[in-house]
Structures are given as C-alpha cells and as structure tokens.
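Undergrad: Sequence:
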Amino acid sequence: MSHAPAQPLRLSAHRPLTGRVTVPGDKSISHRALMLSALAVGESRVEGLLEGEDVLATAAAMRAMGATIARSEDGRWTIHGVGVGGLLQPQAALDMGNSGTSTRLLMGLVASHAVIATFTGDASLSKRPMGRVIEPLSKMGAAFTASPGAKNSQTLPLMVRGLVPAVPIEYRLPVASAQVKSAVLLAGLNTPGITRVIEPVPTRDHSERMLRGFGAELTVEEAGGERIISITGEAELKPQHIVVPGDPSSAGFPVVAALIVPGSDIVVENVGLNPTRAGLYQVLRAMGADITFEKERLVGGEPVADLRVKASTLSGIEPDPSVVPSMVDEFPILFVACALAQGRSVLRGLEELRVKESDRIAVMAEGLRAIGAAVEEVEDGLIIDGTGGERLAGGATVATHLDHRIAMSFAVASLACRAPVTVDDRAPIATSFPIFIPMMEGLGAEHSEGATA
Numbered sequence: 001m002s003h004a005p006a007q008p009l010r011l012s013a014h015r016p017l018t019g020r021v022t023v024p025g026d027k028s029i030s031h032r033a034l035m036l037s038a039l040a041v042g043e044s045r046v047e048g049l050l051e052g053e054d055v056l057a058t059a060a061a062m063r064a065m066g067a068t069i070a071r072s073e074d075g076r077w078t079i080h081g082v083g084v085g086g087l088l089q090p091q092a093a094l095d096m097g098n099s100g101t102s103t104r105l106l107m108g109l110v111a112s113h114a115v116i117a118t119f120t121g122d123a124s125l126s127k128r129p130m131g132r133v134i135e136p137l138s139k140m141g142a143a144f145t146a147s148p149g150a151k152n153s154q155t156l157p158l159m160v161r162g163l164v165p166a167v168p169i170e171y172r173l174p175v176a177s178a179q180v181k182s183a184v185l186l187a188g189l190n191t192p193g194i195t196r197v198i199e200p201v202p203t204r205d206h207s208e209r210m211l212r213g214f215g216a217e218l219t220v221e222e223a224g225g226e227r228i229i230s231i232t233g234e235a236e237l238k239p240q241h242i243v244v245p246g247d248p249s250s251a252g253f254p255v256v257a258a259l260i261v262p263g264s265d266i267v268v269e270n271v272g273l274n275p276t277r278a279g280l281y282q283v284l285r286a287m288g289a290d291i292t293f294e295k296e297r298l299v300g301g302e303p304v305a306d307l308r309v310k311a312s313t314l315s316g317i318e319p320d321p322s323v324v325p326s327m328v329d330e331f332p333i334l335f336v337a338c339a340l341a342q343g344r345s346v347l348r349g350l351e352e353l354r355v356k357e358s359d360r361i362a363v364m365a366e367g368l369r370a371i372g373a374a375v376e377e378v379e380d381g382l383i384i385d386g387t388g389g390e391r392l393a394g395g396a397t398v399a400t401h402l403d404h405r406i407a408m409s410f411a412v413a414s415l416a417c418r419a420p421v422t423v424d425d426r427a428p429i430a431t432s433f434p435i436f437i438p439m440m441e442g443l444g445a446e447h448s449e450g451a452t453a
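Mapping of the sequence shown onto UniProt numbering: residues 1 to 453, in sequence order.
What the hints contain is simulated information worked out from the structure, not anything from laboratory work.
Honestly, I wouldn't trust all of these hints.
[Unchecked claim] Calculated cross-link-like contacts (lysine to aspartate or glutamate; reagent style EDC-like; alpha-carbon spacing at most 16 Å):
id	residue 1	residue 2
1	Lys356	Asp380
2	Lys238	Glu226
3	Lys127	Asp359
Let the hints inform the model, and build the full structure from the sequences given.
TA: Below, the structure is given as structure tokens:
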C-alpha cells in the first residue's frame, strides 16, 4: 500500500466546550450489519452505518464475494444478499486496510464456504496476530497458508481455504475476545449441526443479538459463571432493516474532552449503551464524572441514550480487571482522563492492548510522558498519577503509530495542555471517526494542522 505524507494535527480549547453532537454509527454493529445482510436472501436496509475506512473495507469484501451493496444520497444503504452458503470466489485479494474486526470475522465466514480468499492489510494490520482465529477455524476444517515470501504464518497476508461441509466444534475461548467468538459463530452459520462457543468472561454480544434478529437459531445459556453460545448451522437468514446507534467507543472522545475542559456542558446524542460496551461510562462515573443518560430507549434491540456531560473534578481509580472486555478499546482515552484526575489510577489486566493497532500501553505511556504526565508502564497496564485538574505541560509531538484511537486520545489531551501538542498524523482517524475534527470544532475546539512531521 502507498504511504501518504503525514498530516499533523493540533487541537486547543480556549473556552468551554458546548453544544449537541452525534458520533458515527457503532463500528462493531456496522461490520456485522453488512456481513449478515450479505448472507440473507433479499434486500436489507441499513441506516446510520459508520462510513469509516474499516467498515468500507468490509463492504468492499462482501461485494467481492457476490453481495450487491449500494448507498443512496441520503446515506441509507441497501444490501442484496447471496444467502448462507452462497459466497462467491473473490477475483482478487481482500484488502482489509487497518481493520482487524473485518479480517477476523470475514475469515470466519470464508471458513465454511467453498471459497479461497487472500487477506491483506496495511503495515499496522499486518503485524496483528491472527492465530487466535486460525486455531478454532482450523478445527472446523479451514486451511490457512502464508502468502509466498511471508515470514509469519500467523499474520497477514494469509490465504484461507474454506471447507464445505465444515466441522461443528465446541470451543472454549482462551482469552476474552468478541472477534474470535464471532468468527466461530459466523463459520457455524454454514456448518451442519450445532457449533458452540464457551465464553468464560462475557464480551460484547452484538453478534448474538444480530444473528437472532436475522433469524438464526441461536441460544445463550449461563452456567457456572460462563456463557455457552450455540448456533445451529445451515441457517436461512431473513433480510432486515437496521438502524445503527452511535458508537460508544467514539463517544468517549467528546465525553472526556468535556470532562477535562473547565466549564464544558455538552450532549452526545444517540449513543449505544449495550452493557457489554458501556464500561467506560461506569468507570468515569465512579471517578466522579457528571454524565447523565437522557432519553433512554431501545433501537433495534440495542439500548441507546443521549449523554449529557459536564466538566468534572475526577478522582483516580483502580477498576476491577473484569471491566476490561466491556471497554477494551476505550482505555487510551481513559488514560487521558486519569492523567488529569486527582490521585493515582492503577489500570491493570490490559494485556490485550499490546496487540491492537499499536501496542497501546507502550505508545500511550510514551506520549503521556512527553506531554508531562506522571506514568509508570507495567506489563499489563499503566499506573498514572494525575495532576488534580491542573493542565499538563504539553509542548511535544506525539507519534500515532498508525492508530486512530491514539491520534484522537492525544488530540483530546491537547485540550488540557498549557503548550500546543502536535499529533504527528491525523490520517488514521478516518478509519473509525471521519468527522472527528469538524465535530470537535463544532463544540468549540480550535484546529490547526500543526508543525510539519
């Protein structure tokens, strides 16, 4: 893939943040809506789809395997599916860009279809481990082969050869991972018999909710503190009309920005608050954040609310590691909140962050130190001594390492710094939150492109 010149970013706040905003559609739900619509027979409609690069990579891959996908001028999407078992052989490699979710879930789909697909990605995605999905999908009969010349058979580029009929399995997740769970369940859609996933720690359940909504025969039992998810294969999915709620991970950025900029008072509308995804807001409230859930409602089976957020005095926290699966992607922005809080925050049990788009523990520690935060990096997390609400020093250029959440986290942190902070490249933000900069400007932040990186 070509590498465009870096596009530095600076945000600053010289007055309180105010106003009402919406954030892009939930990324997890958007991916799944496209995939399951492409496996239904008939026309599905999706409103509020996240139109970031990650989700567009999923749309392109489903088109390459036979689905007809179109976007109208008013932002509504229509998908004509091929039916479970009907995926076609793609004529070229599937370029997943930066999207680990697309890659792992689509490997699950391919695993039980008569398809051979080569998955490629950008430099960041090509470093991320795929072994966690290779193991269960191989047990179902899929074959994984490193591309010629590749040094590692556990990372992209990889060729996946599906098996029909695939073999139903019972698989206990060795680590909490909604992506692995979903990959196995999606493979189970076209596998005769019952495929089971045993989940020792609950993870986001969008796949289970949406599979049921499309008509799959899926059950969830709880026994001994574990969740046992069973799906009956050779399913027939029925087309649906889906309204995607705002992404709770994306909402975390304006929420924390309002908390740390004195005098701020904002509303973030239509935010998905699925219990398996809302850990950030529980932790922030426990730190003393003034966050009110307004107009709570159900949309398409998912709980949704408007978030009223006022600037707050935050206290340090030591959350129970059991909360990690419900907010694993939100820890970078939580680290920023902790850096401005009163007292010490101890954030452990975060090993998963080391294998995201970047090593988010190391990268956040390095960047926070560069802007004046007191941070100790440990193997499974960070220990942060907050400023008690005092501004951080700032005055540094922070490296994003091609990671959208790192870029946005430091853009938010810069709002509470005495000297300007330059984010070295704003381009990765487009993968999940293409309207991030204009949204922050709409709340009152000031934007400049910063110094040349």
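Undergrad: With reference to the structure, classify each hint as holding or not holding.
TA: Quick rundown of the hints versus the structure:
no.: 1; hint: Lys356 to Asp380; verdict: 14 Å, holds
no.: 2; hint: Lys238 to Glu226; verdict: 30 Å, violated
no.: 3; hint: Lys127 to Asp359; verdict: 11 Å, holds
In the structure shown, a violation is registered for the earlier hint numbered 2 alone.
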